[in-house]
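K.L.:
One letter stands for each residue in the lines below.
Number of protein chains: 2
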Amino acid sequence: MNYCSNCGHTISLLVPEGDDRERYCCDNCGSIHYFNPRIIVGCLPIWEDKILLCKRGIEPRLGFWTLPAGFMELGETTEQGAIRETWEESRAEVDIERLHGIYNIPHIDQVYFIYLAKMRSPNFEVTPESSKIELLGIEDIPWDNLAFRVMSEALQHYIEDKPAAFTEVHHAVIGPRK
Amino acid sequence: MNYCSNCGHTISLLVPEGDDRERYCCDNCGSIHYFNPRIIVGCLPIWEDKILLCKRGIEPRLGFWTLPAGFMELGETTEQGAIRETWEESRAEVDIERLHGIYNIPHIDQVYFIYLAKMRSPNFEVTPESSKIELLGIEDIPWDNLAFRVMSEALQHYIEDKPAAFTEVHHAVIGPRK
Numbered sequence: 016m017n018y019c020s021n022c023g024h025t026i027s028l029l030v031p032e033g034d035d036r037e038r039y040c041c042d043n044c045g046s047i048h049y050f051n052p053r054i055i056v057g058c059l060p061i062w063e064d065k066i067l068l069c070k071r072g073i074e075p076r077l078g079f080w081t082l083p084a085g086f087m088e089l090g091e092t093t094e095q096g097a098i099r100e101t102w103e104e105s106r107a108e109v110d111i112e113r114l115h116g117i118y119n120i121p122h123i124d125q126v127y128f129i130y131l132a133k134m135r136s137p138n139f140e141v142t143p144e145s146s147k148i149e150l151l152g153i154e155d156i157p158w159d160n161l162a163f164r165v166m167s168e169a170l171q172h173y174i175e176d177k178p179a180a181f182t183e184v185h186h187a188v189i190g191p192r193k
Numbered sequence: 016m017n018y019c020s021n022c023g024h025t026i027s028l029l030v031p032e033g034d035d036r037e038r039y040c041c042d043n044c045g046s047i048h049y050f051n052p053r054i055i056v057g058c059l060p061i062w063e064d065k066i067l068l069c070k071r072g073i074e075p076r077l078g079f080w081t082l083p084a085g086f087m088e089l090g091e092t093t094e095q096g097a098i099r100e101t102w103e104e105s106r107a108e109v110d111i112e113r114l115h116g117i118y119n120i121p122h123i124d125q126v127y128f129i130y131l132a133k134m135r136s137p138n139f140e141v142t143p144e145s146s147k148i149e150l151l152g153i154e155d156i157p158w159d160n161l162a163f164r165v166m167s168e169a170l171q172h173y174i175e176d177k178p179a180a181f182t183e184v185h186h187a188v189i190g191p192r193k
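Heads up: the protein sequence lines correspond to chains A and B, in order. Read in order, the letters of the first sequence are residues 16 to 193 in our numbering. Read in order, the letters of the second sequence are residues 16 to 193 in our numbering.
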């Protein structure tokens with residue numbers, strides 16, 4: 016941030032009165048601009064005993080596999096966002112079963128909501144965001160070609176849940192890559 | 016938003032190429048500015064059979080009662096944020112037991128994470144944000160003077176959980192006030 020989005024004046028990094036950390040403060044109109052972590056919503060879509068995975072058709076991580084997920088938009092709930100992102104990336108229609116996991120990635124200021132979801136049909140389509148889409152059994156998950164570690168965590172948790180019919184929400188904090 | 020925070024130029028509300036909704040786009044440098052829902056993190060702090068509630072010492076809802084909660088900051092996890100907010104608002108030190116509820120409030124673009132937490136001691140202090148703090152039994156919850164409906168939901172869920180020792184995460188969508 017270089018300029019005040021309210022009045023267009025220059026800004027300074029200052030600790031506002033009564034606050035305890037630096038914020039972008041306008042030198043002219045006094046606006047304080049806060050930045051907060053962003054929410055990413057997505058699904059683990061299931062058809063029979065298979066999981067829907069998307070091969071990324073866009074950067075970042077072009078060509079790597081992911082569960083359908085993306086930034087939560089204004090005016091929607093986390094569930095609505097997860098259904099929307101699944102549709103946008105794969106044209107799969109899903110009904111949410113339950114919240115599967117919450118994944119914090121504090122070094123990039125992201126919080127993931129991954130929902131376990133049932134596909135309404137085995138239908139899906141390649142989209143501008145996904146160059147290939149497949150329904151894969153657990154044994155066929157491309158572990159070495161997953162786009163993001165959060166997806167690997169979510170899939171691992173799904174596999175661990177299967178024998179126990181586990182229903183607690185998983186949590187993990189994902190740190191920077193070593 | 017009136018000006019580009021990157022270059023200070025005027026902006027326009029446009030649907031960017033490949034997108035499906037209006038964003039603030041800079042007329043000069045081409046920056047696209049996204050706005051997303053914000054996360055509020057807080058605790059339901061328990062000492063023995065009592066709940067810690069704070070009387071708000073600041074707007075909004077000055078003088079009404081709330082669980083300690085506030086905006087998640089950059090660089091922290093939801094759990095860390097909930098512990099921090101509890102400390103900032105009440106000087107109570109807590110250990111998180113589990114995620115109690117996720118509450119979506121789409122009309123104001125907020126998602127709440129409320130954690131069930133054990134207080135390390137019955138100690139707390141009035142703070143700049145809380146004019147009064149009390150440990151209250153269920154029978155003493157000031158239902159008519161709670162600051163936010165999300166707090167009323169979270170407390171109601173806690174009461175419903177008690178007899179069953181329920182451990183699933185609660186969910187609710189809170190709409191505009193009628």
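Hints listed in this document are in silico derivations from the structure and should not be mistaken for laboratory results. It cannot be assumed that every hint is accurate.
Any copy, or any two copies together, can satisfy a pair, since identical chains are not distinguished.
Computed cross-link-like contacts, SDA-like style, restricted to lysine to any residue with a CA-CA straight-line distance of at most 20 Å [claimed, not checked]:
1) Lys193 / Glu91
2) Lys133 / Lys177
3) Lys70 / Glu103
4) Lys193 / Pro31
5) Lys147 / Asp124
6) Lys193 / Gly90
7) Lys193 / Thr142
8) Lys147 / Glu183
9) Lys133 / Ser46
10) Lys147 / Gly33
11) Lys177 / Glu140
12) Lys193 / Asp176
13) Lys70 / Gly33
14) Lys133 / Leu28
15) Lys193 / Asp110
16) Lys177 / Gly45
K.L.:
Now, for every hint given, state plainly whether the structure supports it.
P.N.:
How the hints compare with the structure:
Taking the shortest alpha-carbon separations for Lys193 and Glu91, only the inter-copy value of 19 Å comes in at or below 20 Å, while the best intra-copy value is 35 Å. For the identical chains of this complex, Lys133 and Lys177 are intra-copy neighbours only, at 15 Å inside a copy versus 31 Å across copies, given an alpha-carbon limit of 20 Å. Within a single copy, Lys70 and Glu103 get their C-alpha atoms as close as 13 Å, which meets the 20 Å cut-off; across copies the closest is 44 Å, which misses it. Within a single copy, Lys193 and Pro31 get their C-alpha atoms no closer than 35 Å, and across copies no closer than 36 Å, so neither meets the 20 Å cut-off.
In this assembly of identical chains, Lys147 and Asp124 lie within 20 Å of each other by CA distance neither inside one copy nor across copies; the values are 29 Å within and 33 Å between. When the C-alpha separation of Lys193 and Gly90 is checked against a cutoff of 20 Å, the pair qualifies only between copies, where the shortest distance is 18 Å, while the shortest distance within a copy is 37 Å. In this assembly of identical chains, the alpha carbons of Lys193 and Thr142 never lie at most 20 Å apart, being 33 Å within a copy and 40 Å across copies at closest. Taking the shortest Cα distances, Lys147 and Glu183 never come within 20 Å of each other, neither inside one copy (31 Å) nor across copies (35 Å).
For the identical chains of this complex, Lys133 and Ser46 are neighbours neither inside a copy (45 Å) nor across copies (37 Å), given an alpha-carbon limit of 20 Å. Taking the shortest alpha-carbon separations for Lys147 and Gly33, only the inter-copy value of 18 Å comes in at or below 20 Å, while the best intra-copy value is 51 Å. For the identical chains of this complex, Lys177 and Glu140 are neighbours neither inside a copy (27 Å) nor across copies (46 Å), given an alpha-carbon limit of 20 Å. Neither within a single protomer nor between protomers do Lys193 and Asp176 lie at most 20 Å apart by alpha-carbon distance, with minima of 28 Å and 41 Å respectively.
In this assembly of identical chains, Lys70 and Gly33 lie within 20 Å of each other by CA distance solely across copies; the values are 18 Å between and 47 Å within a copy. For the homomeric pair Lys133 and Leu28, neither the shortest alpha-carbon distance inside one copy (47 Å) nor that between copies (36 Å) is at most 20 Å. In this homomeric assembly, Lys193 and Asp110 never come within 20 Å of each other (Cα to Cα): the closest approach is 37 Å inside a single copy and 28 Å across copies. In this homomeric assembly, Lys177 and Gly45 never come within 20 Å of each other (Cα to Cα): the closest approach is 54 Å inside a single copy and 47 Å across copies.
Of the numbered hints stated above, those contradicted by the structure are hints 4, 5, 7, 8, 9, 11, 12, 14, 15 and 16, listed in ascending order.
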